[in-house]
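Chemist: Sequence:
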Amino acid sequence: MKKLILCAFTFTLLGGALYAQEEASLETFDKCNNWARQYCQAGAHEDAVNAELLRLKNAGIPITLERIKMLSQKIKPATLNQPEQE
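Read left to right, the sequence shown gives residues -20 to -1, 1 to 66 (mature numbering (1 follows the signal peptide of the UniProt record, and there is no 0)).
Since the hints were made in silico from the structure, they are not lab data. There could be a bad hint or two in this list.
[Stated by the list, open to error] Pair by pair, the computed Cβ-Cβ distance ranges are:
1. Leu(-15) to Leu45: 44 to 54 Å
2. Met(-20) to Lys49: 52 to 62 Å
3. Lys(-19) to Arg47: 48 to 58 Å
4. Asn38 to Arg17: 19 to 29 Å
[As the list claims (entries may be wrong)] Mimicking BS3-like on lysine-lysine, the simulated pairs with C-alpha atoms at most 30 Å apart in a straight line are:
5. Lys37 to Lys56
6. Lys11 to Lys54
7. Lys37 to Lys49
8. Lys54 to Lys37
9. Lys37 to Lys11
10. Lys11 to Lys49
11. Lys11 to Lys56
We treat Cβ as the ideally placed atom computed from N, Cα and C, and that holds for glycine.
Using the sequences and the accompanying hints, generate a full structural model.
Modeler: See below:
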């Protein structure tokens, strides 16, 4: 009986781990702008920096204040608002 319970528990645990893979999202302190800091211009610049931070987080790279500052300076807000020229 113990083996049956242990086996069922193991399969439940492993099955739950497989289906529990959630899509990662940025926490409040991982975002470019929050109540404690304002590194990005609101709008397209903030969205672009947050998208890059999310990509880094999904790749397993830790999000630090230095990385947020560097990305907010690297991604220029002027280039994001320009309409495409034909």
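Chemist: For each hint, tell me whether it holds in the structure or not.
Modeler: Hints and how they fare:
no.: 1; hint: Leu(-15) to Leu45: 44 to 54 Å; verdict: 46 Å, holds
no.: 2; hint: Met(-20) to Lys49: 52 to 62 Å; verdict: 59 Å, holds
no.: 3; hint: Lys(-19) to Arg47: 48 to 58 Å; verdict: 50 Å, holds
no.: 4; hint: Asn38 to Arg17: 19 to 29 Å; verdict: 22 Å, holds
no.: 5; hint: Lys37 to Lys56; verdict: 21 Å, holds
no.: 6; hint: Lys11 to Lys54; verdict: 16 Å, holds
no.: 7; hint: Lys37 to Lys49; verdict: 15 Å, holds
no.: 8; hint: Lys54 to Lys37; verdict: 18 Å, holds
no.: 9; hint: Lys37 to Lys11; verdict: 11 Å, holds
no.: 10; hint: Lys11 to Lys49; verdict: 11 Å, holds
no.: 11; hint: Lys11 to Lys56; verdict: 17 Å, holds
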